[in-house]
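> Sequence:
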Amino acid sequence: MPGESATAQTSSGERMPGESGAWVFFLADMTVFALFFHVFLYYRADDPALSAASQDRLNPHLGAANTLLLLTSSWCVVVGMRAAARLDASASVRWLVGGLACGVGFCAVKIYEYADKIGQGLTPRTNEFFTYYFVFTGVHFLHVLIGCGVLLWMISQARRLADGRRNLSHMETGACFWHMVDLLWIVLFPLIYLCP
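All residue numbers for the sequence shown refer to our numbering, where the first residue is 1 and numbers rise by one.
Each hint should be verified, as a subset may be incorrect.
Unchecked claim - Per label pair, the in silico range of CB-to-CB distance: (1) 187 / 90: 27 to 37 Å; (2) 45 / 85: 44 to 54 Å; (3) 65 / 156: 27 to 37 Å; (4) 142 / 167: 37 to 47 Å; (5) 82 / 156: 10 to 20 Å; (6) 124 / 90: 42 to 52 Å; (7) 104 / 56: 42 to 52 Å; (8) 46 / 86: 24 to 34 Å; (9) 112 / 24: 32 to 42 Å; (10) 156 / 57: 33 to 43 Å; (11) 38 / 86: 40 to 50 Å.
Calculated from the structure, these hints are not laboratory results.
In this text, a Cβ means the ideal position worked out from N, Cα and C, and glycines have one as well.
When you get a sec, could you build the whole thing from the sequences and use the hints?
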């Protein structure tokens, strides 16, 4: 029907969450990160000793804390979207604020980690490993910042659920973006911090 938001449909007729055009963006973004991962793995195979020595300078506990924060945030967003689907504005806002708080926590940990590395004299110019570390985690950090903005917008939309004005399809698109950010970190964390 004209004026309604388009939603993606599967071949079996089930509706995919969010706007169909957003899925093209999500796929393109994940393809770029897949190329990042491939380049990083190629470099590591080329100089495993330097990679291992550099990886030892990272703090996997901070990476694990950030993983937990993003997983918790995604869970909060899922519960918040379920509340939005029921038009329960107060519960939706509460859970989305929890998701945003975890996202802000991720940013605080990442800023602390960057400051710690730079304080130790480890910068993108130190060696190729740290070039990749700062570039890849920096691009992901930018995604988290954008995602926090998206969550703020979703909270503003959730507040309007009580008036009967809602656009769940747009909110679902925002939630899918946040879950993509989480998924990218789940691959990035073990790749950079843990894989020998």
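> Check each numbered hint from earlier against the structure, then list the numbers of those it violates in ascending order.
4, 7 and 8
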